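Chemist: Listed below are the residues making up each chain.
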Amino acid sequence: MKIKILITKKLIKKKTGMKKLILILFCLFLPTVFLLAQSTGIKGRLADTAEHKNLQNSVIALLNKNDSTLVNFTRAAKDGAFELKTTDNTQNYLLMITHPYFADFIDSVKVVKGEISNLGIIHLFSKIKMLEEVVVKGNRAIYLKGDTTVFTADSFKVAEGANVEELLRKLPGFQVDRSGKITAQGQDVKKVLVDGEEFFGSDPGIATKNLRADVVHEVQVYDRKSDQATFTGIDDGVRDRTVNLKLKEDKKKGYFGKIEAGGGIRDMTKTSDDKGAGRYYGAAMINSFKGKRKLAAYGISSNTGWLNLDWQDSQKFGGEEGGGMGIVVMGDGMGGNTTNGIPTNYNAGLHYNTKFGTDNNNSVNAGYKFTRIDAPGTTKTFSKNFTPDSSWTMNSITDNFNSSQKHSANFTFESKLDSMNTIKLTTSGNLNFTKSNSDFYAENINDKNYNLINKNSRKSNNDVNQSAYNANLLWMHKFKKEFRTFSVNTSFNNSKSNSDGLLYSKIDFFKNNAVDSTNIIDQRNLIDYENNSFNTRIAYTEPLMKDVYMEINYGFNYNKRINNREILAKSPTGYDKRIDSLSNDYEFNDLANSPGLSFRYTKKKINFSFGGNAAFTNYEQLNKTLNTIRDYSFTNYYPRASFNYTIKPMETIRFNYNGNSSAPSLDQLQPIKVNTDPLNIYIGNPALKPSFSHGFDLSYGSWKMFSERFIMVGINGGFTQNSFATLNIIKEAVRTTQTVNTNGVNNFNFYMWYSRKLKKANIDLGISPNINFNSFVDFIADNKGNSLKNNTKNSGYYIRFNIGRDVEKKYRISLSPNFGYNIAEASVNKIANAKYWSTGFDFSGTIYLPKNFEIKNNVFGQFRQKDKRFPADNNFIFWNMDVQKRMAKDQFIIKFTANDILNQKNGYSRNFGSSSFTETYNSVLRRHFLLGFIWNFNKMNNGNTSATNGK
Amino acid sequence: MENKILAMKKSIFLITLGLVSTFIHAQQFLKAGSIEYEVKVNVYRQNEGSEWFERFKERIDQFNTNYYNLEFGDNKALYKFSRKGSNKRTFSFGNEEDENVWFSDYKNNTFTKLLSLDGYTLISDDLKNINWKIHPEDQRVIAGFNCRLAQTILFDSVYVFAYYTDEINVSGGPMGLHGLPGMIMGVTIPRLYTSWIATGVKATAPDINTLKPPTKGKKKTMAEIQKAVGDLAKSWGSDNKNWIDQMLWQILL
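The listed protein sequences correspond, in order, to chains A and B. Read in our numbering, the first sequence has 378 at position 142, and its numbers run on one by one without any break. Read in our numbering, the second sequence has 620 at position 134, and its numbers run on one by one without any break.
To be clear, the hints were calculated from the coordinates, so they are not data collected in a lab. Careful, some of the hints might be misleading.
[What the hints assert, rightly or not] Pair by pair, the computed Cβ-Cβ distance ranges are:
1) Asn-617/B / Glu-887/A: 35 to 41 angstroms
2) Tyr-990/A / Asn-594/B: 41 to 47 angstroms
3) Lys-1121/A / Thr-596/B: 22 to 28 angstroms
[To be verified] With the C-beta cut set under 8 angstroms, the calculated list includes, among others, these residues of chain A facing chain B:
4) Ile-681
5) Glu-887
6) Arg-890
Just so it is clear, the structure is predicted and the values come from calculations on it, not from any experiment. Even glycine gets a Cβ: it sits at the ideal position worked out from N, Cα and C.
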């Protein structure tokens, strides 16, 4: 038997001067071999050479000789004896014997098949302990981080060269609608950030449409809390669903971008609204990175509308039109179909953000955007109007042209002064120049005898210059005591508008089909408007006891508005005769003090809060022309309560209550006299009381990961006391509107969303029923001045299905049909009652062909039960198709697009009102074909031009 | 591969000693008792490079710390959440993890665990044999116990470093880790940015009757879970190995 003592070099280096040598004894036995039954293994006995201590429980282990993996182990018996079995093979092992107070014994042993080799007596030596550091290393790929859902972009295959919007469509729980609006896990996405920073002022469309999917490393979805809540750590319930696109590190060294351009093939068919004008689009985008510094720029121009408008602009053109005076009881609009006009747009933007200072404590984010939109358009309406004792038809046509230019700039500076203090300065400003002119013609015809009631032709043009800027400073201070915080948020806003317009209006009033009287307005309107406001909010949070927090806050708002109207009538020398009855100079001062108190209890499964604010508001209306002052004082209350309970992980119940009292606006109390639309006149009601509305929301959500099953069920509703309702007084087809208080306004809505995956069939299924009831009140006065309360009840029953299948690299289809039944019943004007079926579908399908060809179809259809009152065909199918070919690893893409192949876009919408129903046709871009070319380019520093970094 | 990982000595943290609540004389060779583990997730490291995370960074600790308890006796062990490290706002994987319970019966080589997964899921199966590689020369003291390094690769690619002590005569450890000649007192899983270090050992034997498998939750076999994860992987397209794996590791541990 020989004994070898080794000294570990590493240990000597590290722990010199100490008795920190480890003695590893290698003993080589020449074991005596005994033959024992069929078992294979070893046996022996441990002994303490010096002190003869008890060696019971010492570990005797056999390790594989080549990689020292553990094969088997046992503990020594009281007398130190052990026996250890192995597999039935002849093999060499390492024998390791350990005991807390003895040096490790490591030896090579040979086990012979069918034998229990007796190792005899093994002597152990006492030993030393040691300490080591643990090394943490490796890479990561994370899915759920707290309340953030993280998607690793590369895990979701999109066509190469696809943009982020395409990627988002791929992510479970995401929906991107036709206008580019994103819904994530059932909620609208309010912000899209790039690397945590606002990108061109957080406009979601710019990032999702212009960034390529393959530069994204992760898509993170979370509910962004208010800055104050993030700071105090006390949830104030304010959430904005936010998508953060984290870019790949290797894509952040150097630059990347794309250039896309295309041209249109004319559609010369007679039905085309655009008279066969040529179509084009072009876009360029570049992103450049250097360390923490990011610079991006884009330029876009098109007259196809569909490609390049960002969200804000597309909203502006997509149906926020209309409304006006008429109360639309039941909106029946069709989203994408109501775009007014065929805009040509020019957009450009520049974005810069960087971080500096120790630990990057300071950050700057700045941007500039330019937008110009020229939108010619034509709108036709046909409406039926009725009072209890008469009815008439109005037909109108408007030709308009709008051209607006907008410059906007934003700048944000955030600094962590120290661990206790943070400041954030946000400023933005914009300049707007709008030129518009419109040509309007309308005629009102009595339904009984088809006689003309009146005819109105109106021309107007306006030049409007607007400017606005605001500055917001937030200071947050943390105290040593956890959750005790103090913050002040102060903002200042200024906005100005100067408009100079000409209005010519001629109304002929008829009696027995002959002109009875004529009303002519020919005037120049000079309107100056300025608004200055100052708001501040101070909040203090204090932990009362474990899990219970209190917030005391105080808000102060001051608002000063100046409205100066100079109305000039035409005289032989020009527009120089001031019309005193319409010209005025008003100043409005609002002052509000609002103290508030709230409590919050947060525990793992329960989150409960209640509290409220009171607002003591004072309005002052100064008529500087007549030197009169009107004063109004209101007290508004805002009680709030919310309750969240987590039943199980990923299964939650939420309840929210919001009480809201709102004071009447000055326009409702005492509006400024305006005569721009002589057929619709608005008068004030100084006797208005504040209204109070109660809203509640109860919802249940559950998500099962493995079955990919999602359930969301909810009801929400509310009712309003002293609700503001309109009173329409109609005489000779001229409508005079006033706001009055009433009760009986309420709403109730039930919704559900169920979706799951059929694993075997690889089919996604979804179903979402939705039921809603609304009750509205308005008042109608007939020709004799009798006012009647009209209660309108609407109910709708809808169900939507979704079925989809996705076979990678082959095809992707999804179809979602929907069905609905609508009932509208009015207590007075039964003529407006309607009951009809509606049905529709949304289909999208992409086929991936060999040689990098790809065909994409989107079809959207809607069908409604015929209504005799609306002769127009209300059914339509939009069909868009894309064929594209990708080349040179997606560096180049050729794309052919056919939009509205069936040429069924007609800009048609219809509305039921309590005293009218209206059909509207807006001019829209219809069938057109485009051939486009995309060039994706990138240059990454360090020679990293490929995207193969990272797994 | 191993060398590469070792070379990536990006973050090194020293485990402090002296947190021993009860010092146990080693020669007792404990067979029953309880161990408290400090479970630390390095959230800074976990979120490194996320500029978005940088915003929160100031406000939270570098480590998300929680304490778990392992009660053992009768060759069985029950491992579950005991308390939070601080009431500071933390930043963690699903905060429901603290409802997970692991029961292991080392004698019969079986386990039952309750996971907060699709609601509550209960999994019972045989303890899988872990192929440990022993580094007998690499030793340190954890909670007063001398420990030795063992290392294994689980789930094909996940390095697990465990320090076990032969002074405790139960071959168990946190979660389902087991199979070493003694109790696992410290674990580091770099790819999960997490370490489990025993801070104290109590020699008081737990009531044997409390060492029972959890019963709450929907019963599923490991195979079913793995199949479900596999199906999920399929349904979410190819190439999604990354996060699916990550989740699997959490489940399988």
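Chemist: Looking back at the hints listed earlier, which ones does the structure fail to meet?
Modeler: The structure breaks hints 3, 4 and 6; every other hint is satisfied.
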